[in-house]
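Enquirer: The lines below spell out each chain.
There are 2 protein chains.
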Amino acid sequence: MTAKSQVKWTDDARTALRAGEGFRLADLDPESTPGYAGDKKDGAVDLAAGLAQLADLQERLFAASHAGPGRDAVLLVLQAMDSAGKGGIVRHVVGGVDPQGVELAAFKAPTEEERAHDFLWRIEQRVPRPGYIGVFDRSHYEDVLIGRVRELAPPEEIERRYSAIVDFERRLVEGGTRIVKVMLHISYDEQGGRLMERLDRADKHWKYNPGDVDERALWPAYQEAYQTVIERTSTDVAPWHVVPANRKWYARLAVQALLLETLEDIDPRWPAADFDVEAEKARLRATIR
Amino acid sequence: MTAKSQVKWTDDARTALRAGEGFRLADLDPESTPGYAGDKKDGAVDLAAGLAQLADLQERLFAASHAGPGRDAVLLVLQAMDSAGKGGIVRHVVGGVDPQGVELAAFKAPTEEERAHDFLWRIEQRVPRPGYIGVFDRSHYEDVLIGRVRELAPPEEIERRYSAIVDFERRLVEGGTRIVKVMLHISYDEQGGRLMERLDRADKHWKYNPGDVDERALWPAYQEAYQTVIERTSTDVAPWHVVPANRKWYARLAVQALLLETLEDIDPRWPAADFDVEAEKARLRATIR
Numbered sequence: 001m002t003a004k005s006q007v008k009w010t011d012d013a014r015t016a017l018r019a020g021e022g023f024r025l026a027d028l029d030p031e032s033t034p035g036y037a038g039d040k041k042d043g044a045v046d047l048a049a050g051l052a053q054l055a056d057l058q059e060r061l062f063a064a065s066h067a068g069p070g071r072d073a074v075l076l077v078l079q080a081m082d083s084a085g086k087g088g089i090v091r092h093v094v095g096g097v098d099p100q101g102v103e104l105a106a107f108k109a110p111t112e113e114e115r116a117h118d119f120l121w122r123i124e125q126r127v128p129r130p131g132y133i134g135v136f137d138r139s140h141y142e143d144v145l146i147g148r149v150r151e152l153a154p155p156e157e158i159e160r161r162y163s164a165i166v167d168f169e170r171r172l173v174e175g176g177t178r179i180v181k182v183m184l185h186i187s188y189d190e191q192g193g194r195l196m197e198r199l200d201r202a203d204k205h206w207k208y209n210p211g212d213v214d215e216r217a218l219w220p221a222y223q224e225a226y227q228t229v230i231e232r233t234s235t236d237v238a239p240w241h242v243v244p245a246n247r248k249w250y251a252r253l254a255v256q257a258l259l260l261e262t263l264e265d266i267d268p269r270w271p272a273a274d275f276d277v278e279a280e281k282a283r284l285r286a287t288i289r
Numbered sequence: 001m002t003a004k005s006q007v008k009w010t011d012d013a014r015t016a017l018r019a020g021e022g023f024r025l026a027d028l029d030p031e032s033t034p035g036y037a038g039d040k041k042d043g044a045v046d047l048a049a050g051l052a053q054l055a056d057l058q059e060r061l062f063a064a065s066h067a068g069p070g071r072d073a074v075l076l077v078l079q080a081m082d083s084a085g086k087g088g089i090v091r092h093v094v095g096g097v098d099p100q101g102v103e104l105a106a107f108k109a110p111t112e113e114e115r116a117h118d119f120l121w122r123i124e125q126r127v128p129r130p131g132y133i134g135v136f137d138r139s140h141y142e143d144v145l146i147g148r149v150r151e152l153a154p155p156e157e158i159e160r161r162y163s164a165i166v167d168f169e170r171r172l173v174e175g176g177t178r179i180v181k182v183m184l185h186i187s188y189d190e191q192g193g194r195l196m197e198r199l200d201r202a203d204k205h206w207k208y209n210p211g212d213v214d215e216r217a218l219w220p221a222y223q224e225a226y227q228t229v230i231e232r233t234s235t236d237v238a239p240w241h242v243v244p245a246n247r248k249w250y251a252r253l254a255v256q257a258l259l260l261e262t263l264e265d266i267d268p269r270w271p272a273a274d275f276d277v278e279a280e281k282a283r284l285r286a287t288i289r
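Top to bottom, those sequences are chains A and B. The first sequence runs 1 to 289 under UniProt numbering. The second sequence runs 1 to 289 under UniProt numbering.
Any given hint might turn out to be false.
Chain copies aren't distinguished; within one or between two, either way the pair holds.
Said to hold, decoys possible - The calculated EDC-like cross-link candidates involving lysine to aspartate or glutamate, where the alpha carbons are at most 20 Å apart (straight line), are:
(1) K204 with D56
(2) K281 with D212
(3) K281 with D214
(4) K108 with E151
(5) K204 with D267
(6) K207 with E278
(7) K204 with D274
(8) K207 with D274
Worth flagging that the hints you see were computed from the coordinates, not collected in a lab.
Turn these sequences into a full structure, and let the hints steer you where they fit.
Expert: Have a look at this one:
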């Protein structure tokens, strides 16, 4: 019995969550659980089962490129409004994988040096090597999200970036990287509640920033910017997946499912030995008392 | 009831495992479990309890430096003969911590560029920032271990390096980094069995390298080199801990205990808000429908 047969998915997560032709962010209910027929309790069981499966697939991916000819890598791109749960995804989904096989990059506001280069310069430096699962906590998409909403660049530069992103991602995919783009989608009300919780608890104050309320005031503009990002950059080789995230348990399960399906597609195999196994056994045996 | 009160430690791990004055590696039994009165089953319970504790302390460490004045960091240095279990420590001990708070560096044979610099050049680049737990899988100690055994540098250069390491580590400690140096200590026979297992299982072949047997042939020279490393670089501010590692469950538990004790020493606190909490609540409330 595989983990797959136990889970309450009614559809592939990649199918259920893909932002295809005609997708309207405004029409997606952040409370919904597309493709999944279970409740929170089922979700906990399935998440635990998936962790073991993900750990196994990751180790194969790593082995295939470290001792074999494999060139495959996976890049998970996480984008979301504040408090939507990116950190929880990293902790509870990515955290179940051997840290030796993960390359995590958290992109903050660019430094002076980074701003002096093209916006993709700092991104290129952090793409995962073959065999690794890369995770971008925020990404090059900030440059067409906050970049657009806060007018950090002129409109023609923002326009240029959509095409540059499409080309850049196609190049990564051609090199063997599977890109899993995820927007965690919470509602305006849910964000209000989560930010208030940070203010209510002394052990959460450090996660709060007065700038969070300023950004929140621009909510409609950000939703528009996400809609445009999806329209302009959801391609066949690197589609967007929009994950309803008001229910944290569902968002974590869904991102795990997206990763599992991607790794199952790669189907990484243990590489064959590039040495003579019997000869090595004999050499080793000679050293054993 | 704290996790501490449940565990079967009879002594602080740092006391039980410290390689102090007069320490003789050859006298330490790799099968032993210093400071711990439990068996494998107890060890599993205590490891699980420790994971939650470690995760909590790590989050506080991170918070204290990200939103407060904290300058503390932790650096775990892992050294060992092949197959001693460094990978398992990273997976099962470090892997229980939020990946967002960990900086892992695996040092392989130096590149041409790295060899052109002083041996500490590449090390300096990977020391953890404040708030992070850094993990070195191999380290600058390779330069006085394989460097000495394989005569990759002249004896006077190896001599110079011991003092350079002591100075370097003192500087890190003065900057706020607690260094936890761990040698995982397995027996020659145990290594033979573990390498043979890699050859016996097709899914482990990728972990085997014919060079492993060549290194194994130099076992006595490596043991001597470790003894010298400990004598020359086990200082008050950055002592060595030698962890008997024939029993994997003990080694993992012991390294976890070393990290827990180090973090408890730091005792990181949630930082106070650097904004007016009530004023922010009012601003946020005004945005909530």
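Enquirer: So, for every hint listed, does it hold in this structure?
Expert: A quick look at each hint next to the structure:
Taking the shortest Cα distances, K204 and D56 sit within 20 Å of each other only across copies (13 Å), while inside one copy they are farther apart (34 Å). Proximity of K281 and D212 under a CA criterion of 20 Å is satisfied inter-copy only: 12 Å between copies versus 61 Å inside one chain copy. Taking identical chains as interchangeable, the C-alpha atoms of K281 and D214 lie at most 20 Å apart only when they sit on different chains, with a minimum of 13 Å there against 65 Å within one chain. For the identical chains of this complex, K108 and E151 are intra-copy neighbours only, at 17 Å inside a copy versus 44 Å across copies, given an alpha-carbon limit of 20 Å.
In this assembly of identical chains, K204 and D267 lie within 20 Å of each other by CA distance solely across copies; the values are 17 Å between and 41 Å within a copy. Taking identical chains as interchangeable, the C-alpha atoms of K207 and E278 lie at most 20 Å apart only when they sit on different chains, with a minimum of 16 Å there against 56 Å within one chain. Taking the shortest Cα distances, K204 and D274 sit within 20 Å of each other only across copies (12 Å), while inside one copy they are farther apart (52 Å). Within a single copy, K207 and D274 get their C-alpha atoms only as close as 49 Å, which misses the 20 Å cut-off; across copies the closest is 11 Å, which meets it.
In terms of the numbered hints stated before, the structure departs from none.
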